[in-house]
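Novice: Chains as they are written, first to last, in numbering that gives the first Met the number 0: chain A, 0 to 329; chain V, 0 to 256.
The reader is advised that the hints may include incorrect statements.
[Claimed, not checked] The calculated lysine-lysine pairs, modelled on BS3-like cross-linking and capped at a C-alpha distance of 27 Å, are:
1. V:Lys124 / A:Lys173
2. V:Lys30 / V:Lys171
3. V:Lys56 / A:Lys117
4. V:Lys3 / V:Lys232
5. V:Lys171 / A:Lys173
6. V:Lys171 / A:Lys201
7. V:Lys9 / V:Lys171
8. A:Lys301 / V:Lys124
9. A:Lys115 / V:Lys19
10. A:Lys173 / V:Lys150
[Stated by the list, open to error] Sample of chain A residues at the chain V side, in silico, Cβ under 8 Å:
11. Phe174
12. Tyr179
13. Ala192
Derived by calculation from the structure, the hints in this document are not laboratory data. On a predicted model such as this, the values are computed, not experimentally measured, just so you know. Where is the CB? At the ideal position from N, CA and C, for every residue including glycine.
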Amino acid sequence: MISKKKNNLLGDVIPVIIIAVILISLKEFKLVSTSRLLILQYIGLYSIFVLGINMVNGYLGIFSLAHAGFMASGAYAAAISSRYFFKESWMFPLILLFGGFVAMVIGLIMSIPSFKAKGDYLAIITLGFSLIVQSFLQNWRFVGASKGINNVAKFTNIYWVFGCLLFAIFIVRKFINSKYGRSLKAIREDQVASELVSVDVKRAKTMAFAVSAFLIGIAGALLVHLLGYTSPSAYGYTNIVDGLVMVYLGGMGSITGSIVGATLWQILIQTLKSLGTWRWVVGGGLLCMIMIFLNNGLFGNKELSDAIRAIRYYFSRIILKKNSPEETRK
Amino acid sequence: MSNKAIVSFKNVCMYFGGVKAIDDISFDVEKGQVFGIIGPNGAGKTTIFNVLSGIYKPTSGDIFFHDRRINNLPPNYITGNGITRTFQNIRLFEGQTVLDNLKIAHYSHIRYGIMDVIFTSNRFKKEEKRIEEESLAILDFMNLTSSAEQKAGALPYGAQRRIEIARALSCKPEVLLLDEPAAGMNPVEIDELNQLILKIRDHFNLTVLVVEHQMRLVMEICNEILVTNFGKKLTIGKPDEIKNNPQVLEAYLGKVK
Chain A
0 MISKKKNNLL GDVIPVIIIA VILISLKEFK LVSTSRLLIL QYIGLYSIFV LGINMVNGYL
60 GIFSLAHAGF MASGAYAAAI SSRYFFKESW MFPLILLFGG FVAMVIGLIM SIPSFKAKGD
120 YLAIITLGFS LIVQSFLQNW RFVGASKGIN NVAKFTNIYW VFGCLLFAIF IVRKFINSKY
180 GRSLKAIRED QVASELVSVD VKRAKTMAFA VSAFLIGIAG ALLVHLLGYT SPSAYGYTNI
240 VDGLVMVYLG GMGSITGSIV GATLWQILIQ TLKSLGTWRW VVGGGLLCMI MIFLNNGLFG
300 NKELSDAIRA IRYYFSRIIL KKNSPEETRK
Chain V
0 MSNKAIVSFK NVCMYFGGVK AIDDISFDVE KGQVFGIIGP NGAGKTTIFN VLSGIYKPTS
60 GDIFFHDRRI NNLPPNYITG NGITRTFQNI RLFEGQTVLD NLKIAHYSHI RYGIMDVIFT
120 SNRFKKEEKR IEEESLAILD FMNLTSSAEQ KAGALPYGAQ RRIEIARALS CKPEVLLLDE
180 PAAGMNPVEI DELNQLILKI RDHFNLTVLV VEHQMRLVME ICNEILVTNF GKKLTIGKPD
240 EIKNNPQVLE AYLGKVK
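Generate the whole structure from the sequences, applying the supplied hints.
Specialist: See below:
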């Protein structure tokens, strides 16, 4: 940006404080029911999940389906660690970090095929990875095989969820506005050209996968400690599709889009719950409409600040027209 | 090999199966030269660039840059260490702004790590400021300042050509490879481009290699010209010698029966 970025500490801090106040009042003064509060927590943790997916699928532009596998590894690692090592509630940050790091290591390994394979073939490799993780967990006695892990301590509360979301937004924003983020966007557009302007493609891809898996792993760890149990069936096709739907709904390559996508989709499937199985018909139909009429998603490659600028521009033009008829006549 | 040679090919061959795209080509490029490579279509001109910039590994032979063998180095390494190219068919990052296109190309000489990014250290701020200033300086030099904030893909063809050169310059090269920079230009534009190439060479202290069809460009600005045909070296020499060389005329116009 040529227009010098002012130190926008104020612009960052104020929304955070407002959200914090809202959250505290919601939880402590019981302004909303427990089930609503639960939905809010789902929204928060799926926002982290979608931010993670967006790193690879959005910014790097690789169609990956590995997120279910990352989430499963993060969730299981966290559940095991809280059962055997970190039993106290004050150790929850360690649990979250452990889940994130285990997923990150697996993410680093998963970035290797992306050096060679491309497009559909890479999508199939990542799908295979997700399914391997699922069947591995289904057959591993230590983690309860297909019954999964029960009686996990319910450490997650709304503060943890939104604290982690804040952390995720912070990390992604820093990353995207650095040379690494720029190189991801360059690789998305033209991999050969970016190699020939000295971008280290392998390194950029490794980093994108690592950050992505780390965030998804944290989301998984939060989910396990929110529900109190986990089983392999939660990390199958439904999870893969859910993730993709939220990313495409919100828009690729956008932090705002990730959060909006997760929020809308979670609200939608929760409010349509009364329709029973029919909710997938309504929800799916709505999704088709959005894809047809807004095929970049709601915030494809845009952020909230861009939207606000556009709206401000639009209104300023309307006001200008009303106030100065002479000018329009010219 | 003379001591001054900055890039030299030693018996380089590049085969694709049975196709001999480059067959036993040797040449030296001296520092500060504008070195032209010409030849009919399919003569292996662009392949020379692809081998030199590391996209292809040569089948046999050696390539030296400053007396250092660079055959098996990855392209991003070669580019970051002094040999940068442009493309025959423009390959900009079209969805990014012109300024971002240049910033991306600064990748190899930005000195900060991931920790600097997360904590927004002073080094991060300093480096980001430096590359922005340098990018703007290059844009200014190329008369592109007014379009810095526009999407690269939305600009006219001539401007995109210049952006590509500007992006290549952002890698801080010692050797600049221009792959048909005058494609689709009229004579007036070619004359401007000639001036631009010479200006860039002097200002950034470069050695320039040009692959080109347009004789108007090649004959005017090149110090030395390599002529290839069917992957083989026909001759090498000064523009005047090339103009009157019967072999060259034959390759371009056919044999007189």
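Novice: Can you name, in rising order, the numbers of the hints this structure does not satisfy?
Specialist: The structure conflicts with no hint, since it agrees with every one listed earlier.
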